[in-house]
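Now for the letters of each chain:
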Amino acid sequence: MHKEIRLSGTGGQGLILAGIILAEAAVHDGREVIETQSYGPEARGGASRAEVIIADEAIDYPKVGVADVVLVMSQEACNRYAAQVKPGGLVVVDETNVKSVPDVAGARVVRLPITDIARHEVGRQVTANMVALGALVGIAGLATPEAAERAVRERVPKGTEELNLKAFRLGMELAMERARERARERARERVREASDAT
Amino acid sequence: MHKEIRLSGTGGQGLILAGIILAEAAVHDGREVIETQSYGPEARGGASRAEVIIADEAIDYPKVGVADVVLVMSQEACNRYAAQVKPGGLVVVDETNVKSVPDVAGARVVRLPITDIARHEVGRQVTANMVALGALVGIAGLATPEAAERAVRERVPKGTEELNLKAFRLGMELAMERARERARERARERVREASDAT
Amino acid sequence: MPSKAGARLMQGNEACAEGAMAAGLRFFAGYPITPSTEIAEELALLLPKAGGKFIQMEDEIASISAIIGASLAGAKAMTATSGPGFSLKQEGIGFASYTEVPCVIVNVQRVGPSTGVPTAPAQGDVMQARWGTHGDHPIVVLCPSSVAETFALIIEAFNISERWRMPVVFLMDEVVAHMREKVTVPDVSQIAVAERPRPQVSPEQYLPYAAGEDLVPPMADYGTGYRYHVTGLTHDQTGFPTTKRIEVDALTRRLDAKMRMAAPHVTFVDEILVDDAEVVVFAYGITARAASRAVRDARAQGLKAGLIKAKTLWPFPDEHVRKAAERARAIVVPEMNMGQLVREVERAAAGRARVVGLSRVDAEPITPDEILARLREV
Amino acid sequence: MPSKAGARLMQGNEACAEGAMAAGLRFFAGYPITPSTEIAEELALLLPKAGGKFIQMEDEIASISAIIGASLAGAKAMTATSGPGFSLKQEGIGFASYTEVPCVIVNVQRVGPSTGVPTAPAQGDVMQARWGTHGDHPIVVLCPSSVAETFALIIEAFNISERWRMPVVFLMDEVVAHMREKVTVPDVSQIAVAERPRPQVSPEQYLPYAAGEDLVPPMADYGTGYRYHVTGLTHDQTGFPTTKRIEVDALTRRLDAKMRMAAPHVTFVDEILVDDAEVVVFAYGITARAASRAVRDARAQGLKAGLIKAKTLWPFPDEHVRKAAERARAIVVPEMNMGQLVREVERAAAGRARVVGLSRVDAEPITPDEILARLREV
Amino acid sequence: MAMPVSYYLRTSKMPHIWCAGCGHGIVLGAVLRAIDSLGLDKDQVCVVSGIGCASRAPGYLDFNTLHTTHGRAIAFATGIKMVKPEMKVIVLTGDGDAAAIGGNHLIHAARRNIGIATVCFNNSIYGMTNGQYSPMTPTGSYASTAPYGNIEEPFDLCDLVYAAGASYVARGSAYHAILLWKLIAKAIATDGFSFVEAITQCPTYYGRRNKMRSAVEMLKWQKEHGVTVAGAAKMPAEDLAGKFRIGELGARTRPEYTRRYAAIIDAAQRGEGGERDA
Amino acid sequence: MAMPVSYYLRTSKMPHIWCAGCGHGIVLGAVLRAIDSLGLDKDQVCVVSGIGCASRAPGYLDFNTLHTTHGRAIAFATGIKMVKPEMKVIVLTGDGDAAAIGGNHLIHAARRNIGIATVCFNNSIYGMTNGQYSPMTPTGSYASTAPYGNIEEPFDLCDLVYAAGASYVARGSAYHAILLWKLIAKAIATDGFSFVEAITQCPTYYGRRNKMRSAVEMLKWQKEHGVTVAGAAKMPAEDLAGKFRIGELGARTRPEYTRRYAAIIDAAQRGEGGERDA
Amino acid sequence: MPGSIEAGPAIEGRPTDNPVEINQKWCKGCDICVAFCPKEVLTRPEGGKAQAAHPEKCTRCGLCEVLCPDLAIVVTPAARKGASPRGQGGVSDA
Amino acid sequence: MPGSIEAGPAIEGRPTDNPVEINQKWCKGCDICVAFCPKEVLTRPEGGKAQAAHPEKCTRCGLCEVLCPDLAIVVTPAARKGASPRGQGGVSDA
Ligand SMILES: Cc1ncc(C[n+]2csc(CCOP(=O)(O)OP(=O)(O)O)c2C)c(N)n1
Ligand SMILES: Cc1ncc(C[n+]2csc(CCOP(=O)(O)OP(=O)(O)O)c2C)c(N)n1
Ligand code: SF4
Ligand code: SF4
Ligand code: SF4
Ligand code: SF4
Ligand code: SF4
Ligand code: SF4
Ligand SMILES: [Mg+2]
Ligand SMILES: [Mg+2]
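Protein chains in written order, with the numbering used here: chain A, 874 to 1071; chain B, 874 to 1071; chain C, 3 to 380; chain D, 3 to 380; chain E, 8 to 285; chain F, 8 to 285; chain G, 16 to 109; chain H, 16 to 109.
There's no promise every hint is true.
Unchecked claim - In silico EDC-like links for lysine to aspartate or glutamate, alpha-carbon gap of 20 Å or less: (1) F:K227 x H:D46; (2) E:K230 x G:D46; (3) B:K876 x D:D299; (4) F:K230 x F:D246; (5) B:K972 x B:E949; (6) E:K218 x E:E231; (7) F:K218 x E:E279; (8) E:K20 x D:E249; (9) E:K227 x G:E55; (10) A:K1039 x A:D989; (11) C:K6 x A:D902; (12) F:K49 x F:D69.
By construction, these hints were calculated from the structure, which means they are not laboratory data.
Could you build the full structure based on these sequences and the hints that come with them?
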């Protein structure tokens, strides 16, 4: 395994924490991992970005160029990063905040109501990062759920563990749901193809 | 002309000023000149030293090694510097302060009561440096008397010009006197030699 | 009190702090500056737990001064800063160097000069780390290229500093400082920790600056009965000021010789595929990571490339460069500056191989592709 | 208000002060330190006579800061110090360099590091003068070897600083600073004095960091209607902070290119008998005086020796060394340090000639005989 | 004259980088209103700062502006004032910039009584570097480098600067914005060194760590803890604990430094004094 | 106990380098008598200095001694005191060392109230560098860098240090040597930051340039111009002009810094506090 | 000139129909104006910028203007000359 | 301990016949002791070191000891315990 992941959005969405948790989960999974981030006062309120590389072998260069998996949680981030994805890669879009997605030829785009779920199903908008993390883990299999849950528990502020785990699980479920949908769709497609062929 | 001169004694004897005046006189004489000195707080009360090179041509290296002319105004300076003189060179000794002079084979030693003269004939011990300067100029012809007097006048503290000039001139006279004595002695010697030869 | 053994995700700055604790750090004085602040923040938390002391001083000059004082009082001591603060610490570094007081100075490099881009990476302080203070002052400069290396190398920094009685500069860059990687913290028992040589004689016999064969004078802690004098003036074996030529000469030359004596023990260089290499990259810090990928890619493309990864920047590893220059066609030196260590590589190569710099100064790290391209050119 | 024309006995420090006045100095801020203090003392006396200002600040950092402020307000400005103070000024020098504020920093070298021997000569700050502050910062360093040269060269220092908008380091040594020599002060009309380029456009059109062909942006004085911004952050042509890659890159590269553009105009090197020399001495400062005698003596003994006397130490005069190395057997580099510029000579010689250092670090200047002996050996 | 604040702004640079609710903007407004009420010529105003969030202010101001190194603004300003005594030189600085690394320049400028007006944006924290304690952080408060609570006591900066020799010292707060503006105007009008400490809020770092969740809450704290000099004089000492005094805390007349220097120039040019060894 | 002063000297280093008549030796004597009267263990005394004539003192003293960089003695001393709170840490410094380049460290140590006793040898001049004016040179005096007379006003250093937060401040003079010794003893015994300004004479540079030809003359000047605190309280202000107050100028009880830090260690080791993001 | 300090500035001659102009580009939504307006003139939608919801209640006291950290508010004084009531709010002398 | 501060030190038990010992190696001849001895015990030859010319007049007040900048003087107190009159000279409390 060698996956390069970019989480992008705006300051305050907690993407750096999400990146750290994802990276820590990879450590729990016994993998090599590296996490980098955009940082500093210039980032206050502005764009925010975390990058994670998870691999089975030692990672030399730590920066993510064109990514395998991209999460975009704001329109600005989407415009900037959605297209920087490998062919066959994955772009996860928070459709609550992102209205239009540029052409990402060759990659799969999954639109999820991430912030909406945080706001309404978890009840705290700030947990959108955990919903997103759950979705990423669920869709792209970046970490085992056990490792990810352990990392969430250990890294979020004390007293907020359950809330964040709830968000994370909702994200996972959302991903599963989509996966099931997709499987169904694929099946339908295959049926259609099959029928076309006849 | 290329003469290397070292003036040595203790801090407070004004040897650095003497060196500067000698150097300035050389400038007035249209010569090349360079003056260096031992300097700084470590020198307070301790040894003091000024070195002057006077030449007709550009001077490259500014430090005096073995000198043509050495002035020693303290016993310590005498012990240290008297012997660092070229064969045929000149050592001027302030006999008020220096009791014993080491062997300076090949150089001429002139003992003068420099500080005594300053104390008793000028009336101010601090003018010993000017007495010494006058003596050096008189004996070794390091500068023209006019240039030296002009330099004295320009460099000593305002209001003390006449006193210092007086000291300088007493030094010159002392040198002349010695020169005359020496001439007489030489003459006597020559007479003696001549009579020996017969 | 090093942290729990085992694999952990750590930030570079955190690894620096944790590694320092593992090395026995007991005093830290600093003044905040991006991108080094997390080191101080971490230590403010960790030190008191281990009975150590943390203090935020009024500026960087006070910080370097305080750690020297602390070291004289017997504690392993460190400060951390970035470019502007590193410039301010130079006078103090010279004092520590001349008086042979062990201490570690971390400089997390950012874009400079002056305020520059405080949050962006560069490698512009490499020459300053060697030459920043006035007068002759041999100094060891170490530079990690990963988080795990940061943990391990800061321990070496302390060990060198204590063993050889010299300040050690630990030169990080913003990328290494802020990225997080897996670090496998060894068990305490596995960590070799050096202590400064302490006097084996009675106070009466103690000559604080008389060195033995290793040229390192034993060092007594203040308050242990050895009442001695330490001064930044040129001093003799007794530690008192001297202006005697022979003693002035002796001190400078001993410090120089001590560094030459220490050099083999403090020079950490990884050579990767250098033996048969036609083209060699000389790299350090975060740039070495890109270089390592570039070399792998070059080999994959059939180009015999190799990498000299310097973890010790000073004393400069002349020998490694000289040997590589004898066999290779060219040496490429990628740096996030306008060309600093490339000058040393040129000097050490002495015309034996072509030496080609590769500068990037736009506040972004050099990529493997850039290095690869240069490797293919030369 | 330069001093009266004609021959005079002057001390090196006095010549520095008088030359600065002749160059148009109107503001000096300093903090006393041996062996540079006479410069300040002289200027405390001279400046007000010319309507200029002298201030003794609370420390060296304040001094460099004040002269940068003064320069921005339109005055030619200078500070003077020695090693320890020079170390403290490094951050400010980086600011002046990055913001392109003309000013002259005199450093009269003494024995270091740290307090060293305050009253004794050394040449130990030569590398520091180039690399002392963090980040990439091209800088001009001039170094006189006689009192007359001090007078003339400090005028060049100001001219370069103003013409090219860069701080210039004027590196003296204790011997040159304290010795007295004959200086023939030229008539005012004979002294070429440069002024900084000032904007030719209206305030509305003024882009404070947009440079023309010479890569030097015109500079407006504060208070003259051009209300612009100056910052030590990385800035764009408008002078405002930027973190855009392309602009970060552009600034560092322009400053570097500006130095390369300036180099031929700021490089002062005397070559003496180098053309047919088999052995060459590369020397600077007071050591060049001994070297000059040694070369003369060598020739007298039939050894074809030559001298490269560098009055500009930085940018390093690579070309002179390279050319000499092509013809000569060896280059000897006598220095009152443990070997600093000899590294640059080695680099520039690139293996073409043997390069041999000659270090003296006992607080006494190198003698002609020592150099001669080395010349005969190589 | 009375111009809108925007007249003094480089509006193209706005909005500024400060966080939502950061008190620095309120203090900056007071500075600009003070300048406006004095009717100063923009060309003759020079605003100098060090490094920090507060020190970013000059970049937004349509004067001669200089953003220097951390802590050294007053020293840079000294050079400017010496060369151009006719200019109004104003230093905008933070509590870290002025009182930590810059403390020495502050007290020496006060001692010399050089005509520089300094406004210190005191938010009790190093904002720019993400919240370490400063020499103005109250004892017991939390900061990223005081995870166990701050054990240092803060300066009374106004007392310190007055003891150092300043002509004028005053304290205001962001909440007391109009008073602050008046104090700053007086400071700028002072012929000598003047200093205004402006208590202000950093909700992002100081507030968050110290259980004051919003800028509004922090302003209310200022409202409740600021006591006028007159009010304080009437209060028993124990009631004053934890409060801060606002208003003019010191004013006196002493000769300004550049005026004194002008006299030296006069003397020197008349040929008086100036012996090498007087 | 009472030992002769020489008991505390490294007699092999004597005589000291100070000029004949230099007041620094008198002040040093007072320091040693103070240490003696407190009965301190030599091994547990650490004397730290910066650079200057005054700062040469530790080299002659038989304690743990440290001669640092110019102005930074208090910062070095802070590191020592933090690591060894049980030691008596004493800083000997000059007016330039303490009040010019070192001013910031001085006020911050006072603010923190760290247990360091500082004795400032105030000779109103930079002696070591041959007589430039210092922040303590009286207005109007001459110095090598004040050839037209000094236009700066000196600090009232004791007021400044007290305003910064010190526990104890006092002033004595070389002439008032016994009083000085008592004040220094009190300072050393203080549990917190203490500061004694010792007015002293530099006949070589200050005296010579300011028409006081001998050390004796300068001591007489001190005798005539020193006014005790009690005496000053009774004098009309105009009589005090040009005089200096001697005696205890401020004393208060505040917690000492290393004690406060010890409490943090206790808490941390008990596992209290210390949240990363408290 | 010191006179004008005492009086506070009077910005005259601008239209009076919209007493509180809020620069939407500069406002960062900190709620300070909303919280401190004595007349509850101002409101702010969740996540949005401040609005003058009840301009008719505004007394033009100027408090919101001096307290806005983003310099985003301009209060147009009443047309009557010298009628600027600034400096009379709760903050003027507290 | 503070007690001893108040009292001044008492150096006891040394011989009393030579009340003022002057270390000739340390004395730099500054004349301070000569000028301030209230009893004119001390003298100094031109260019030389201080001498106790009239030891019999000495009251052992200790003033010369505390005022000597070269730490060159030791005054032996009278044998009587606690009789050290130090601190009663003109300098003790002025
Ligand atoms: C020499 C130096 N040291 C440290 C820093 C890092 N630094 C930048 S701003 C700052 C503190 C700012 O605090 P303050 O002055 O209170 O301003 P605020 O950000 O709180 O407004 C520090 C420590 C620096 N830029 N330069
Ligand atoms: C960084 C630095 N700046 C300047 C100096 C030069 N210097 C040495 S001592 C001194 C002043 C000493 O004055 P003071 O502290 O009053 O001591 P004094 O000599 O008068 O006793 C100065 C400026 C130095 N050594 N280091
Ligand atoms: S970090 Fe604090 S001081 Fe800085 S802009 Fe934000 S709120 Fe203001
Ligand atoms: S120069 Fe002044 S301070 Fe220094 S030793 Fe001499 S008299 Fe004392
Ligand atoms: S005070 Fe200003 S920034 Fe804050 S909500 Fe109101 S208008 Fe917006
Ligand atoms: S001017 Fe006064 S009343 Fe009107 S909106 Fe602003 S604060 Fe409210
Ligand atoms: S006071 Fe001391 S140094 Fe001075 S003359 Fe007397 S014994 Fe000698
Ligand atoms: S002890 Fe008193 S009386 Fe005796 S010599 Fe000394 S000063 Fe004079
Ligand atoms: Mg702040
Ligand atoms: Mg002094």
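Practice task
For the pair we were handed, K230 (chain F) and D246 (chain F), check the Cα-Cα distance against 20 Å.
Solution key: It holds: about 15 Å lies between the C-alpha atoms, which stays within 20 Å.
Practice task
Measure nothing beyond the straight line between the CA atoms of K230 (chain E) and D46 (chain G); if it is 20 Å or shorter, mark the hint as holding.
Solution key: The hint holds at about 16 Å.
Practice task
Could you grab the alpha-carbon distance between K218 (chain E) and E231 (chain E) and see if it respects the 20 Å cut-off?
Solution key: Distance ~16 Å between K218 (chain E) and E231 (chain E) Cα, so the pair holds.
Handout entry: Restraint status (C-alpha distance of K876 (chain B) to D299 (chain D) at most 20 Å)
Key = 18 Å, holds
Handout entry: Hinted pair K1039 (chain A) and D989 (chain A), Cα distance within 20 Å
Key = Status holds; Cα separation ~14 Å.
Problem - Agreement of K49 (chain F) and D69 (chain F) with the hint, judged by alpha carbon distance not exceeding 20 Å - result: Answer holds: K49 (chain F) to D69 (chain F) is near 7 Å, not above 20 Å.
Problem - Proposed proximity, D902 (chain A) with K6 (chain C) (alpha carbon, max 20 Å) - result: Answer holds: K6 (chain C) to D902 (chain A) is near 18 Å, not above 20 Å.
Practice task
Measure nothing beyond the straight line between the CA atoms of K227 (chain E) and E55 (chain G); if it is 20 Å or shorter, mark the hint as holding.
Solution key: 17 Å, holds
Handout entry: Pairwise hint evaluation, E949 (chain B) against K972 (chain B), where the allowed Cα distance is 20 Å at most
Key = Answer holds: K972 (chain B) to E949 (chain B) is near 10 Å, not above 20 Å.
Handout entry: Straight-line alpha-carbon gap K227 (chain F) to D46 (chain H), limit 20 Å
Key = 13 Å, holds
Handout entry: Restraint check for K218 (chain F) with E279 (chain E), where alpha carbons must lie at most 20 Å apart
Key = At roughly 18 Å apart (the allowed maximum being 20 Å), E279 (chain E) and K218 (chain F) satisfy the hint.
Practice task
Could you grab the alpha-carbon distance between K20 (chain E) and E249 (chain D) and see if it respects the 20 Å cut-off?
Solution key: Satisfied, since the Cα-Cα distance of roughly 17 Å is no more than 20 Å.
Every hint from the earlier list agrees with this structure, and none is contradicted.
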